[in-house]
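Residue numbers (this note's numbering), protein chains in the order written: chain A, 3 to 267; chain B, 3 to 267.
Check before you lean on any hint, since a few could be wrong.
Just so you know, same-sequence chains aren't split out, so a pair can sit in one copy or run between any two.
[Said to hold, decoys possible] In silico lysine to aspartate or glutamate, DMTMM-like type, Cα no more than 20 angstroms apart, as pairs:
| hint | residue 1 | residue 2 |
| --- | --- | --- |
| 1 | K202 | E180 |
| 2 | K27 | E152 |
| 3 | K202 | D88 |
| 4 | K202 | E87 |
| 5 | K245 | E166 |
| 6 | K76 | E203 |
| 7 | K245 | E179 |
| 8 | K4 | E100 |
| 9 | K202 | E152 |
| 10 | K27 | E46 |
| 11 | K202 | E46 |
Because the hints were derived from the structure by calculation, they are not lab data.
Protein chains: 2
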Amino acid sequence: MKRVMLTVAYDGTNYHGWQIQPNGKTIEGILNRCLSELLGEHIEVTGASRTDSGVHAMGNVAVFDTESSIPAEKISYALNRSLPEDIRIQKSEEVSPEFHPRHCASRKTYEYRIYCAPFPMPVKRLYSHFTYVPMDIDLMSQSAQYLVGEHDFKSFCSTEAQVETTVRQIDSVQVWEERVKSRMEDCGDGGAEGVDQAGKEIVIRVTGRGFLYNMVRIIAGTLMEIGRGHIAPQEMERIIAAKDRQAAGPTAPACGLTLVKIEYL
Amino acid sequence: MKRVMLTVAYDGTNYHGWQIQPNGKTIEGILNRCLSELLGEHIEVTGASRTDSGVHAMGNVAVFDTESSIPAEKISYALNRSLPEDIRIQKSEEVSPEFHPRHCASRKTYEYRIYCAPFPMPVKRLYSHFTYVPMDIDLMSQSAQYLVGEHDFKSFCSTEAQVETTVRQIDSVQVWEERVKSRMEDCGDGGAEGVDQAGKEIVIRVTGRGFLYNMVRIIAGTLMEIGRGHIAPQEMERIIAAKDRQAAGPTAPACGLTLVKIEYL
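So here's chain A without its partners, still in its complex pose (with noise of 0.2 angstroms):
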């Protein structure tokens, strides 16, 4: 018997998050599905991030054990002939039979996607939330500071969880903007005023250890609400310290995030 950990990317666009359910296509459904076809043996993967529905990953990971001889760096390789393109192995390899992908320690990285700009990019629309309406990164920025280090963040946890603590320890929070670019300069006979049609992908990239449930949405919609100007960048200080959702911004769309990776410690 063995454990094989497995590093998995997928577009979460078509699947009803990563978690089985009666009824939805999930990404744990598909995986178990695969990999005892593949390795004739009922096999159930643990997931390190249950992400919800219409999520992405990069660098999700699962383990699971198997009898197979077939080595665990091969896995990969065979499990991606008949996995659908928007399920993807980036790795396979053995881990000790006491490694636990959510009790080990780890640090995970989010990213969340607003473009923003007059009209929508399809080709931005399924892996950035949308707005017209206009952001300050630099107050997303400096507010985005108060987060960092070890805090009760209740004030970002959907109220349904049920959690023994909702202190958790952000290690960062950056936001930077990549330009988008699609410009109409001035027509030489009299056409486009030359209006600059750019639009910005804005990026909020959180690594911390262990994430509560909603949490990087709830911080990416209250980032927005400040850099709107709708609430103060120095608020940010009082929101945590209310330990209440209401004072904390909504739920950021699940499209606009992306678990990126995860790093054993």
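Put chain B on the given structure of chain A with help from the hints.
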């Protein structure tokens, strides 16, 4: 009667290209239908670039004439309400009746994206060409410089194409790399070997005055051969001089190509 110019963005994945066809959904076909319904008159747009099936655009251009009293700038808002979400007008404006999107001198910018990693990345699959064969950016960038200037690009034109001249001017070709991270670090309890799973996205950005049929995709295919070491960078000079399609590399797949912008001079 007024002439209106549209800046049109689309995700080409689900279309048989720009140009109307007897069978198959096209960008031009959808624009004509939605504009005719919106304005209550028969509208036929004229496009600047007839992009191929599967090619994307952030800023293609189309013009049409209308008797409508709706201000040109307002048409974008109204039209976007009836268009499918994978087509979005970025701007609408009145232009002079003489303005023609193909005859009026312009500078076009295309980007070709290549996602280079051991395995495909689902969130990249629709807008980047995937390859697991490593490529040397420096070799690609060096050889790309031979393309800059006015040349007979017959070697970079699909033979089907009927054109009076195959001489074109390329203003610039930039090749750069964008790192895509989904890294596994060492796992405390004897797991991952900390192999870097990061893929890289190679971007080839070409700006020029008009392009031949498939020209950018053949340039990309040739640069890929050079990046893989199959062709020496200085061979690019010979490939141009040959004026023979057979001398250049293969036509790179459509999905990696995006028409970024058209600037009228």
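In rising order, the numbers of the hints this structure does not comply with: Violated hints (numbers, rising): 2, 6, 7, 9 and 11; every other hint is consistent with the structure.
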